[in-house]
Amino acid sequence: RKEVEQDPGPFNVPEGATVAFNCTYSNSASQSFFWYRQDCRKEPKLLMSVYSSGNEDGRFTAQLNRASQYISLLIRDSKLSDSATYLCVPNAGDSSYKLIFGSGTRLLVRP
Amino acid sequence: GAGVSQSPSNKVTEKGKDVELRCDPISGHTALYWYRQRLGQGLEFLIYFQGNSAPDKSGLPSDRFSAERTGESVSTLTIQRTQQEDSAVYLCASTVGPAYEQYFGPGTRLTVT
Numbered sequence: 001r002k003e004v005e006q007d008p009g010p011f012n013v014p015e016g017a018t019v020a021f022n023c024t025y026s027n028s029a030s031q032s033f034f035w036y037r038q039d040c041r042k043e044p045k046l047l048m049s050v051y052s053s054g055n056e057d058g059r060f061t062a063q064l065n066r067a068s069q070y071i072s073l074l075i076r077d078s079k080l081s082d083s084a085t086y087l088c089v090p091n092a093g094d095s096s097y098k099l100i101f102g103s104g105t106r107l108l109v110r111p
Numbered sequence: 112g113a114g115v116s117q118s119p120s121n122k123v124t125e126k127g128k129d130v131e132l133r134c135d136p137i138s139g140h141t142a143l144y145w146y147r148q149r150l151g152q153g154l155e156f157l158i159y160f161q162g163n164s165a166p167d168k169s170g171l172p173s174d175r176f177s178a179e180r181t182g183e184s185v186s187t188l189t190i191q192r193t194q195q196e197d198s199a200v201y202l203c204a205s206t207v208g209p210a211y212e213q214y215f216g217p218g219t220r221l222t223v224t
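Note that the protein sequences, when read in sequence, are chains A and B. For the first sequence, the working numbering begins at 1 and goes up steadily by one. For the second sequence, the working numbering begins at 112 and goes up steadily by one.
Worth flagging that the hints you see were computed from the coordinates, not collected in a lab. Even glycine gets a Cβ: it sits at the ideal position worked out from N, Cα and C. There may be inaccurate statements among the hints.
Claimed, not checked - Some but not every residue of chain B turned toward chain A, in silico, with C-beta under 7 Å:
#1 Glu-131
#2 Gly-153
#3 Leu-202
#4 Phe-215
#5 Gly-218
Excised from the complex, chain B in its bound form:
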């Protein structure tokens, strides 16, 4: 079956512009995560969605970052007024449950100029 997909694969934007990143999880996966990975560094947790429960937003670095997910479907991560330090790969992962394997999408490489 299809894996996790993300779009766009690459995004170059000017400082100050807003960007929207999309994640399509594996069908039937109730949990969805967003991570950020800066060059040469580990994955940084951003946000977690589980079914219809309130999301865990504790990893969002500032109020410029927000994410939405409707039910168990697509999620979007929005970064407003982008800054150069937002440049990174943004990875989405989905899983059938919290203790299970996380399946990652290929990521969106964001470059803020």
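Next comes chain A alone, as it looks inside the complex:
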């Protein structure tokens, strides 16, 4: 089983749509969780951290379900500029400093 599993997509949605991405992770000892965004042929950049109670940052909402080892990202009112690959990133349970990057879910927002 992969350490982090994500639907590779692509998710092709119109501007203004709401889209949700899911991710499952295998290490129950993971303590920290992040969503990173990676544009084509660019480096990853942090989108948001994911907190146990769930958190929101503008149009973006992240949820964590520890029991199911499941993380989600919801994007409301999609913009063309949201087109990118979204990486689900838990840390390795045995060391807080090591992050496990998923292969990502690709999002295409069309006009």
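The hints should help you fit chain B onto chain A, whose structure is shown.
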């Protein structure tokens, strides 16, 4: 301020040659990571440096790979006797601490012919 920089941005080398990749972290960042990203795949952890502690080399794929960092400054990743499967983007990231955001450099795209 300046972000993480990496050089060269692109490197084409012949199979069997050695290459050296460089990373300049953000000033003041004590932790530095190297990752490898093959086309269409996720980031693969290679090595982690934290201050003057012994590095975590657990991700290095073979003894052809090595990395150095002096204090909290520049790091170099060296690949000896390159193979075609070494072709990938090599990304460096730095952070103020392990639980904090990792800032990535633009990467070095390595092609082994």
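Does B/Phe-215 pass the interface check with chain A, least Cβ-Cβ distance below 7 Å? holds (4 Å)
Interface hint compliance - B/Glu-131 to chain A, C-beta minimum distance less than 7 Å: violated (20 Å)
Hint check: is the beta carbon of B/Gly-218 less than 7 Å from a beta carbon of chain A? holds (6 Å)
Does B/Leu-202 meet its interface restraint, that is, does its C-beta lie within less than 7 Å of any C-beta in chain A? With a minimum Cβ separation of about 6 Å from chain A (threshold 7 Å), the hint on B/Leu-202 holds.
How about B/Gly-153: closest beta carbon in chain A under 7 Å, or not? Holds - the Cβ of B/Gly-153 comes within 7 Å of chain A, reaching about 4 Å at its closest.
In terms of the numbered hints stated before, the structure departs from hint 1 and from no other.
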